[in-house]
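Undergrad: Work out the full structure: start from the sequences and follow the hints.
Just so you know, the protein sequences line up as chains A and B, in that order.
Each residue of the first sequence is one higher than the last, beginning at 38 in this note's numbering.
Each residue of the second sequence is one higher than the last, beginning at 31 in this note's numbering.
Accuracy of the hints is not assured; some may be wrong.
[Said to hold, decoys possible] Straight-line C-alpha distance at most 25 Å; calculated SDA-like pairs for lysine to any residue:
hint: 1; chain 1: B; residue 1: Lys155; chain 2: A; residue 2: Asp133
hint: 2; chain 1: B; residue 1: Lys177; chain 2: A; residue 2: Asp133
hint: 3; chain 1: A; residue 1: Lys100; chain 2: B; residue 2: His294
hint: 4; chain 1: B; residue 1: Lys177; chain 2: A; residue 2: Arg472
hint: 5; chain 1: B; residue 1: Lys137; chain 2: A; residue 2: Phe298
hint: 6; chain 1: B; residue 1: Lys177; chain 2: A; residue 2: Ser354
hint: 7; chain 1: B; residue 1: Lys190; chain 2: A; residue 2: Met263
hint: 8; chain 1: A; residue 1: Lys280; chain 2: B; residue 2: Glu197
hint: 9; chain 1: A; residue 1: Lys170; chain 2: B; residue 2: Val188
hint: 10; chain 1: B; residue 1: Lys155; chain 2: A; residue 2: Leu97
hint: 11; chain 1: B; residue 1: Lys177; chain 2: A; residue 2: Arg62
hint: 12; chain 1: A; residue 1: Lys67; chain 2: B; residue 2: Pro181
hint: 13; chain 1: B; residue 1: Lys177; chain 2: A; residue 2: Gly136
hint: 14; chain 1: B; residue 1: Lys318; chain 2: A; residue 2: Ser354
hint: 15; chain 1: B; residue 1: Lys155; chain 2: A; residue 2: Tyr112
hint: 16; chain 1: B; residue 1: Lys364; chain 2: A; residue 2: Trp73
hint: 17; chain 1: A; residue 1: Lys268; chain 2: B; residue 2: Ser194
hint: 18; chain 1: B; residue 1: Lys190; chain 2: A; residue 2: Tyr291
hint: 19; chain 1: B; residue 1: Lys155; chain 2: A; residue 2: Lys280
hint: 20; chain 1: B; residue 1: Lys177; chain 2: A; residue 2: Leu97
hint: 21; chain 1: A; residue 1: Lys268; chain 2: B; residue 2: Ala202
hint: 22; chain 1: B; residue 1: Lys177; chain 2: A; residue 2: Leu77
hint: 23; chain 1: B; residue 1: Lys190; chain 2: A; residue 2: Tyr272
hint: 24; chain 1: B; residue 1: Lys155; chain 2: A; residue 2: Phe298
hint: 25; chain 1: A; residue 1: Lys67; chain 2: B; residue 2: Lys177
hint: 26; chain 1: A; residue 1: Lys280; chain 2: B; residue 2: Ser195
hint: 27; chain 1: B; residue 1: Lys190; chain 2: A; residue 2: His397
hint: 28; chain 1: B; residue 1: Lys364; chain 2: A; residue 2: Ala331
hint: 29; chain 1: B; residue 1: Lys155; chain 2: A; residue 2: Trp73
hint: 30; chain 1: B; residue 1: Lys177; chain 2: A; residue 2: Phe287
hint: 31; chain 1: B; residue 1: Lys364; chain 2: A; residue 2: Leu97
hint: 32; chain 1: B; residue 1: Lys155; chain 2: A; residue 2: Gly136
hint: 33; chain 1: A; residue 1: Lys67; chain 2: B; residue 2: His174
hint: 34; chain 1: B; residue 1: Lys272; chain 2: B; residue 2: Glu197
hint: 35; chain 1: B; residue 1: Lys137; chain 2: A; residue 2: Leu320
[As the list claims (entries may be wrong)] FRET-style restraints, in silico, Cβ to Cβ:
hint: 36; chain 1: B; residue 1: Ser195; chain 2: A; residue 2: Ala536; range: 52 to 62 Å
hint: 37; chain 1: A; residue 1: Arg63; chain 2: B; residue 2: Arg222; range: 33 to 43 Å
hint: 38; chain 1: B; residue 1: Ala204; chain 2: A; residue 2: Ala47; range: 34 to 44 Å
hint: 39; chain 1: B; residue 1: Arg222; chain 2: A; residue 2: Trp389; range: 29 to 39 Å
hint: 40; chain 1: A; residue 1: Ala331; chain 2: B; residue 2: Val384; range: 31 to 41 Å
Because the hints were derived from the structure by calculation, they are not lab data.
Glycine residues also receive a C-beta, built at the ideal position from the N, C-alpha and C atoms.
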Amino acid sequence: MGIEATAAKAANEIDERFGSANFVRRNARKVFPDHWSFMLGEIALYSFIILLLTGTFLTLWFKPSQGEVIYNGSYVPLHGLTMSEAYASTLRISFDIRGGLIIRQIHHWAALIFVASMVVHMCRVFFTGAFRKPRETNWMIGFTLFILSFIEGLAGYSLPDDLLSGVGLRITEAVLQSMPIVGTYLAFFLFGGAFPGEDIIPRLYTVHILLLPGVFLGLITAHLIMVWYQKHTQYPLPGRTEKNTVGYPFFPVYTAKAGGFFFITFGVTTLLSAFATINPIWLYGPYTPGEISAGSQPDWYMGFLEGSLRLFPALESQVFGYTIPWNVLIPALVVPGLLFGSMAIYPMLERWVTGDNAEHHLLDRPRNVPTRTGLGVMALSTWVILLAGGANDILATTFHLSINQITNTFRVLIFVVPPLVYVVTKRICLGLQRRDRDLVLHGRETGRIIRDANGEMTEVHAPIPAALAWQLTQHRTPAPYEIGPVADDNGVPRRRLLAAKARARVSRFYFEDQVAPPTPAEVRELESSGHH
Amino acid sequence: MSDQPHTGPNTPADRDQATRIHSARERGRGDVQHLPDTTHDAADDPRAGGHGELATRFENPGIPAHVYRRSDVDPKAADRREREVAAFFGLSTLGTLLFIIAYFAIKPAGATGDRLLQQVGLSTKLLGLGLGLAMFCIGAGAIHWAKTLMPDDEVATVRKPMRSSDEDREGAIAALREGAAGAGLGRRKLIRNSLLGAMAPLGLLAIIPLRDLGPLPGAALANTLWRPGRRLVTDPTGDLIKVADIEIGGVIHVEPEGLDKNAHPLEEAAKATTLVIRLSPDLITDPKQKRWSVDGIVAYSKICTHLGCPVGLYEQQTHHLLCPCHQSTYDVTKDCAVIFGPAARPLPQLPLGVDAEGYLIATDDFHEPVGPSFWERG
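TA: Here it is in structure tokens:
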């Protein structure tokens, strides 16, 4: 029986049970828009699969236990030391299990890449407005995945119970403990009593390998189904409209490209892990509460929290005999709450401001939405300053600077830079819009200079291709929301007037500076007046 | 979706021309839409629609003409691409082979000393190289295949609005109404309310059994193992300490004697771990600090009052203690007051004395809870 006949037989068996032909017919050639920036989310997806595969391998030898053992494995420098089974089994994976160290390193690198690719993916989605209707739900799912990945990462790098991760858990406990009223209870419940206890590693293990990966799987599946069902957005390139999808068919082009990209991601992560050591826990030693090493740093995605804690001044209050440690509460809970909270609600906020109820499948060019782009870069700059603040000790030792001066500098920068970044970004966007406008109105500079009869020198401008002219002018510049009459004809004040006023104010902030794209009429007018 | 008609290879010179031909042809196709208003529903925008639109908006020029690749027009080039793809896949097989050979050839487990690290390093690099190549080359081959040999002309399909048709909506509402009427949800309020009453407290069943996650804090955070008369021993060697053992400027990490015999040594160490520092006695000005010191020897909790990291760095010249986690800096000559960083409280001092045999002892526990702040701390 030939391969074709075998396939036909198998397909028949399947179809008679699941009626799958209908689905295949409709979806095998489904069109996917193609752009390099659409791969960023794929990197996150593939990193997750790599994490599942390598993580499963690690569970075969890892012992999630804080029971104490005396080490006598291959790594001689730690011989005779008392340590937890978790740490001892991580040493065993690293030194005694062939391929254990490379898999451990792939797992850790993939985790860093997982969070990093989510960050850049979300930047792409944010700055191109891909979160707009009808995709707000998917933004929320993505946001949830992003936040959960921090917890998943923290739980994961705490498992080896080495000196570095133990300090991280100590800080986690102290942050929990800082919460008014419930803090000590939460800390005692999480750790099963006083720190460190013997429960936290097994509990984090369950969270890390079962609970959160399960949630991730469900949410990622929903995320992808929505992308599939709502169809992917596309850039405003020639031929793309709000009412079509232009790209390559899923089978075979997208299958080969996306499938191939999984292997590329796996390959690159593996090569990175082969040649760049990550988290050499045998150098840190087992965790004991009284020890620490200088230059303790968390994984990069926790760095902003670290910076927030380092920069915040020493504020604490006693109220009616109770202690409120502002120096922990605000930087560890309020600051990330504000940063991420605004990120979560941004799509709703923007819809309220713009009053835009239309479906959007064509992406924005970031310059064409200057306020959004400015706000986004402003939030990113805040994050970057916190991240750098979290490395103030590394900066100090690397550049031989005073740690106090660095810290104080960041304390100023965190207030000065973000607003500045907002203004500068917005101005750059408007400048780029003006350049686009000029290009459409006056054409491109040819570099040919001609001198007319009067001796005046002018440069010849050539018209730009129709496709480019459309691309530079396809966006809309909505007018700010007008509040309209505040009372009806009978003088009865309008309902919800305050909300309308607030909306009008925010809308003005959002839309007052914009550069309208030129119209064909304007171009014709300029042409007929001979002014190029 | 069938392949689009090819307009043939074109040079940059006739590209513009071709684009127009192509998009004109496109427009005739049923499944591709080129409306004058290309970004918004006409109904959404008062400026859109009608003949005025032509003057206010540029027209979407349509999908650019397909540009042929060498492999589309030259069978020899296509064969070369095929061999390249096959070479990638072949390289992947070699990577797998390398992995298997490296796995069986290198056994670090038996090695000792520097040789262990060398062997583990070599094993990790070769296994990684093999696995990396095996994976990367499959991906590179597949993508090269897709980019050079699979059809690369863009395809357009119609995108329907997400909103259901009015007919579907009415049908959905009718179905739900019918169902709700059948269940009598509106009429039988007793069933509805009692069901809500039964469901609402179910959450408690998920929360209450979590009570035994841990004991209540009680006084656990307030006390440490230090007691009047308890001797100081060095951490981790466990030696008793006499005044003469510490030079001026010296610093010793200590714990209470008998900590290792406690039922919970780690938990007690996390609170009781202490730093002993010998200052020149004239540097001590604070009366309490002086009263609790012995010949310039002072003892302070090693647990940072910010987030509980051990305050591990002592600068002998400036008498500063620095926490390596968030850089809170304490001045030992000022009763460990915070002089920089996020910590809000000084490190608690442990009152010291000397027993009959001349060993350093604590004369009391810390007078306040050590470590990071919490609500009930007072």
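Undergrad: Now tell me, hint by hint, if it's right for this structure.
TA: Hints versus structure:
| no. | hint | result |
| --- | --- | --- |
| 1 | B:Lys155 <-> A:Asp133 | holds, 16 Å |
| 2 | B:Lys177 <-> A:Asp133 | violated, 43 Å |
| 3 | A:Lys100 <-> B:His294 | holds, 21 Å |
| 4 | B:Lys177 <-> A:Arg472 | violated, 34 Å |
| 5 | B:Lys137 <-> A:Phe298 | violated, 33 Å |
| 6 | B:Lys177 <-> A:Ser354 | violated, 64 Å |
| 7 | B:Lys190 <-> A:Met263 | holds, 15 Å |
| 8 | A:Lys280 <-> B:Glu197 | holds, 21 Å |
| 9 | A:Lys170 <-> B:Val188 | holds, 18 Å |
| 10 | B:Lys155 <-> A:Leu97 | holds, 22 Å |
| 11 | B:Lys177 <-> A:Arg62 | holds, 24 Å |
| 12 | A:Lys67 <-> B:Pro181 | holds, 14 Å |
| 13 | B:Lys177 <-> A:Gly136 | violated, 34 Å |
| 14 | B:Lys318 <-> A:Ser354 | holds, 24 Å |
| 15 | B:Lys155 <-> A:Tyr112 | holds, 19 Å |
| 16 | B:Lys364 <-> A:Trp73 | violated, 59 Å |
| 17 | A:Lys268 <-> B:Ser194 | holds, 16 Å |
| 18 | B:Lys190 <-> A:Tyr291 | holds, 22 Å |
| 19 | B:Lys155 <-> A:Lys280 | violated, 51 Å |
| 20 | B:Lys177 <-> A:Leu97 | violated, 40 Å |
| 21 | A:Lys268 <-> B:Ala202 | holds, 24 Å |
| 22 | B:Lys177 <-> A:Leu77 | holds, 19 Å |
| 23 | B:Lys190 <-> A:Tyr272 | holds, 18 Å |
| 24 | B:Lys155 <-> A:Phe298 | holds, 23 Å |
| 25 | A:Lys67 <-> B:Lys177 | holds, 18 Å |
| 26 | A:Lys280 <-> B:Ser195 | holds, 16 Å |
| 27 | B:Lys190 <-> A:His397 | holds, 12 Å |
| 28 | B:Lys364 <-> A:Ala331 | holds, 24 Å |
| 29 | B:Lys155 <-> A:Trp73 | violated, 30 Å |
| 30 | B:Lys177 <-> A:Phe287 | holds, 14 Å |
| 31 | B:Lys364 <-> A:Leu97 | violated, 53 Å |
| 32 | B:Lys155 <-> A:Gly136 | holds, 10 Å |
| 33 | A:Lys67 <-> B:His174 | holds, 21 Å |
| 34 | B:Lys272 <-> B:Glu197 | violated, 92 Å |
| 35 | B:Lys137 <-> A:Leu320 | holds, 21 Å |
| 36 | B:Ser195 <-> A:Ala536: 52 to 62 Å | violated, 33 Å |
| 37 | A:Arg63 <-> B:Arg222: 33 to 43 Å | holds, 41 Å |
| 38 | B:Ala204 <-> A:Ala47: 34 to 44 Å | holds, 42 Å |
| 39 | B:Arg222 <-> A:Trp389: 29 to 39 Å | holds, 34 Å |
| 40 | A:Ala331 <-> B:Val384: 31 to 41 Å | holds, 33 Å |
When held up to the earlier numbered hints, the structure conflicts with 2, 4, 5, 6, 13, 16, 19, 20, 29, 31, 34 and 36 and fits the remainder.
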